[in-house]
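What follows is the residue order along each chain.
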Amino acid sequence: MFRLSSYRDFDWVLLGFVMLLSVISVLEIKSATLHTKFHGFDQKQIGFLAAGLFLMFVISMIDYHRLLDIVPWAYGISILSLLAVKLVGQKVLGARRWINLGGGIHFQPSEWVKLVLIVAVARYFWNLGGRELSWRDIGKAFALVCIPMMLVLMQPDMGTSLTYFPVLLCGLFLGGIRLKQAAILVLIFTVLIGGAWKSGKLLKPYQKARLTAFIDPDEDPKGKGYQIRQSLIAVGSGGIWGKGANKGTQTQGDFLPIPYTDFIFAAFCEEHGFVGALGVLLIYFLILMRLIQNAQTAADLPGAYIIMGIVAVIVFQIAVNIGMVVGLMPVTGIPLPLMSYGGSSILFTFLSLGIVMNIRMRRFVN
Amino acid sequence: MELTPQSELTLGKAEKLPVAKLTAVQYVIAAILVVLAVGLWRLEVVGADNFRALAEANRIRKVPVLAPRGRLFDREGRLLVDNYPSVSCFILREQVKDLEADMALISAGLHMTPDQIRATLKRYESAPKYQPIPLKQDITPDEQAFIEAHRNELPELETLEEQRRLYPRDGFAAHLIGYVGEISEDDLNKEKYAFYQPGDVVGKSGIEATYDALLRGVDGSRDVIVNSHGKEIGHLGQTLAQPGKDLKLTIDLDIQMAAERAMEGKTGAVIAMDPHTGEILALVSRPTFDPNQFAVRLTRSYWNEILNNPDHPLMNKAIQAQLAPGSTFKIIMSYAGLQEGRAQSLHVMCNGGATFYGHFYACDARHGAVDIHRAIPQSCDTFYYTLANDLGIDMIAKYATELGFSQRTGIDLPDEMMGTMPSTQWKLKTFHEKWFAGEVISVGIGQGAVTATPVQLARAIGGIASGGVLHRPHLVFPDEVPPDQLEAVHETFPGSGEKTVPLSTDNWQIITDAMAETTISGTAASSHLEGIDFAGKTGTAQVMSHDALARSGGGHKTVPNAWFVGMAPRRNPDIVVAVLWENGNWGNNSAKLGAQIIDAFVTKQRKRDNNIRIAAAPMPATPAPAQQPSAQVAPAALKPKTAEVTN
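Protein chains in written order, with the numbering used here: chain A, 1 to 366; chain B, 367 to 1013.
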């Protein structure tokens, strides 16, 4: 049963760090959209944050075991919704990712599927009861994750589909995959990815081009290398202390592409420098350590699995997004958790945190 | 996947994830964050300077601020050439989304047909996409307002304000002033234009070309902050443009107007010069052209009109027409004969011609007994045939060369021609043939191989008029030009320069008296100016031999060229004029034109002298000429028929 007194165990420290990042995010979105037609997106972001906080408290009231109960159904609905996107989704910039629910609300199923997968994977590995994984177990786990992954990849939305994969890896690692099995899997994957790259069936040419552009952005500075080149200039020109809030020339001059979503960290680095960037990395580190601590103290295995799944997704997003911004990773269109503008990303993160709170609050209760 | 009952889950088996695995995950996360931090360090600390430079290059554009070109004034400070602000419309192709959709709107707003717009775009098809295309120049305020009002719908249209040249109307003084235009690709490769940029406007001819370096000034620039679309969002600083230098020309607007009027409707050239200094007072070449047509975009129809005109409007006949000087050459012959001591004692009996080397050479009339004093005013060919035969070609060439024949005068205008003075050397070099003694006879009357330009004749006559001092003709006062620049101009236009030729006072007296007699009782008698001590010499030059003329069957182009050289006053002259009227038929016709110009000059001088006398009394002198008349006034004031210049 839900009791108000449970909020004694609510992770206020974690929420504090999260809110700190959210404030930084709103300020940077405001700066990055100052001279653009997206002016006012900071206000919308505040709206998303409010909605996220509300949903976080709502979901923290529902026992996470209930989520584990209903997850098979949710999983089924997920697959159906992804198919629906393929059929009736709104085509934006050549990709069908959203379903128009009317009233200006666009629903991106791939985001909530992420959450469903985290719970589904947790349930799957918990069900295995800690036994040594057979190849059959591993195969089932792959099927569980790769079916929605392929559907999202077909939208095409490579960025979001890739975020599903760390959930599987995390599950396999914590679920007890043996070193030998892991080695064989790595080998198989290397061969498969190499083959898929060559055959050209898996990835569209522009996706391939984006993946390779980060290796040498100067090769095609006006074309595919443009984003990454402008991002590097933005970050690098920030220097140690940055150019100051609202003073980033790359950001304000519209040289930096989409500085309020995927490249918000570049905009932040330009205006707040190396010192500011390290600060943000530190906050992320503290949030992640706090999450792992919650996993460690979870009352049961499924709770721990769920939290670690969330950690895997967040770490993956941070690594890929910041890696992209500083030129270590290809441009994949993955938002930076708690920083990038966008309702779907905010709602996913706050719902995830709601579940973490939920697990923590039930540590002593059930 | 089977559903597990909730009760089973909530029992809680107190299972824990292995701490080692969670610790491992923590290490992995820490490692990832460290790698990212190192990546940031690499960019923001190590590479900061480099990226800062790249960011600056991204956002700062140097927008040129064009220096206004120096204006041109006449010798009394009256404005000849001004600038006016002009607005052009450009198309930014990077901003074009669907031009065809906007076509109707653009077409109506800019008063261009869609085909004209498409043709303009097509012409620049191969130019880089970021380069704005000039769509229409000199747009009206209405058209500019249209562009401003439709900024949102038509982001591809942009306006640019620049200073344009405003020349006097109707081609007034066009050949001496010249015109400006966009620098050509050929010019850009020349050393002289090493610091010029494509698209720069440079002087193409006349004074505009000669003194381009002075007139153009130094362009400045504005450092503007632009966004990724190149749109200006702020500015940093600017380097001011240094306007070009205003130049005072030696031209006298009144004399120039008189010369323009005299030459109206004719083909040919006039030069009026101060023989004491070489200052050009007027320079006209006809037919003329409208330099304003070159300053804005030259239309194909105008270009064709100029190109197909058989009288070559772009040619500056005053310095480029190399024609037989006809009887005006007799002054040079007289100078040679007198200096050699032969002409003084030469007496011939003119019976309408004479025979030399088995050929009969005709004279215009039966002059009877002729000496040098009658030979010049009567223009007796027989006398000069005999004198030429006596002197021989090399002696004639020596004296003619002394007076500047077959050399450029060094006038400060581009593309001066040098004319021809034949000699035995010259013929051997040019035709690899020896000189035949008989060929000298027709040279004696300024026919045959001898050719001269009007400016050469003016300088030579000026030399004789001033007692033997020859000056370099020039259109800009030397003290207006910095010494190094003046030197550069002299180097670019080398000529025979300043010099003194030996001319005894007796001989000077003989020639100038005879030239004065020419305007009283001689061949120029009908252009006599009552009360003006005016001297001159006419010339009627066959444009083809008698045989060729007979074969051609006549026509306007076969009519002889009419020449006149003159000076006033005869002693210590202040002005010499050389007039060439192509196919003007009779030297006397040109003499009338020359007389008009001299009349205008003397009338002005007299007025000024009167004014000086008035000024000596405690009355204010004539008001100083306005230094900066407005651009709108200038061309009207310069229009010869409507202008009344007070003095």
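Note that these hints are calculated values from the structure, not bench results. Just so you know, not all the hints are guaranteed correct.
Which bits of chain B does chain A cover? Going by a derived footprint, with three or more residues having C-beta under 8 angstroms, they are [unchecked claim]:
no.: 1; region: 413 to 421
no.: 2; region: 587 to 593
Calculated pairs, BS3-like style, for lysine-lysine (alpha carbon to alpha carbon, straight line, at most 30 angstroms) [stated by the list, open to error]:
no.: 3; chain 1: A; residue 1: 204; chain 2: B; residue 2: 463
no.: 4; chain 1: A; residue 1: 198; chain 2: A; residue 2: 208
no.: 5; chain 1: B; residue 1: 428; chain 2: A; residue 2: 140
no.: 6; chain 1: B; residue 1: 382; chain 2: A; residue 2: 37
no.: 7; chain 1: A; residue 1: 180; chain 2: B; residue 2: 382
no.: 8; chain 1: B; residue 1: 387; chain 2: A; residue 2: 140
no.: 9; chain 1: B; residue 1: 387; chain 2: A; residue 2: 180
no.: 10; chain 1: B; residue 1: 428; chain 2: A; residue 2: 247
no.: 11; chain 1: A; residue 1: 208; chain 2: B; residue 2: 428
Label pairs and their calculated CB-CB ranges [stated by the list, open to error]:
no.: 12; chain 1: A; residue 1: 72; chain 2: B; residue 2: 415; range: 52 to 62 angstroms
no.: 13; chain 1: B; residue 1: 385; chain 2: A; residue 2: 58; range: 27 to 37 angstroms
no.: 14; chain 1: B; residue 1: 504; chain 2: A; residue 2: 212; range: 25 to 35 angstroms
no.: 15; chain 1: B; residue 1: 527; chain 2: A; residue 2: 246; range: 53 to 63 angstroms
no.: 16; chain 1: B; residue 1: 481; chain 2: A; residue 2: 36; range: 32 to 42 angstroms
no.: 17; chain 1: A; residue 1: 206; chain 2: B; residue 2: 851; range: 52 to 62 angstroms
no.: 18; chain 1: A; residue 1: 36; chain 2: B; residue 2: 511; range: 27 to 37 angstroms
no.: 19; chain 1: A; residue 1: 209; chain 2: B; residue 2: 550; range: 38 to 48 angstroms
no.: 20; chain 1: A; residue 1: 212; chain 2: B; residue 2: 466; range: 53 to 63 angstroms
no.: 21; chain 1: B; residue 1: 521; chain 2: A; residue 2: 244; range: 29 to 39 angstroms
Even glycine gets a Cβ: it sits at the ideal position worked out from N, Cα and C.
Against the structure, test the hints numbered earlier, and report the numbers of the ones violated in rising order.
5, 6, 11, 14, 15, 20
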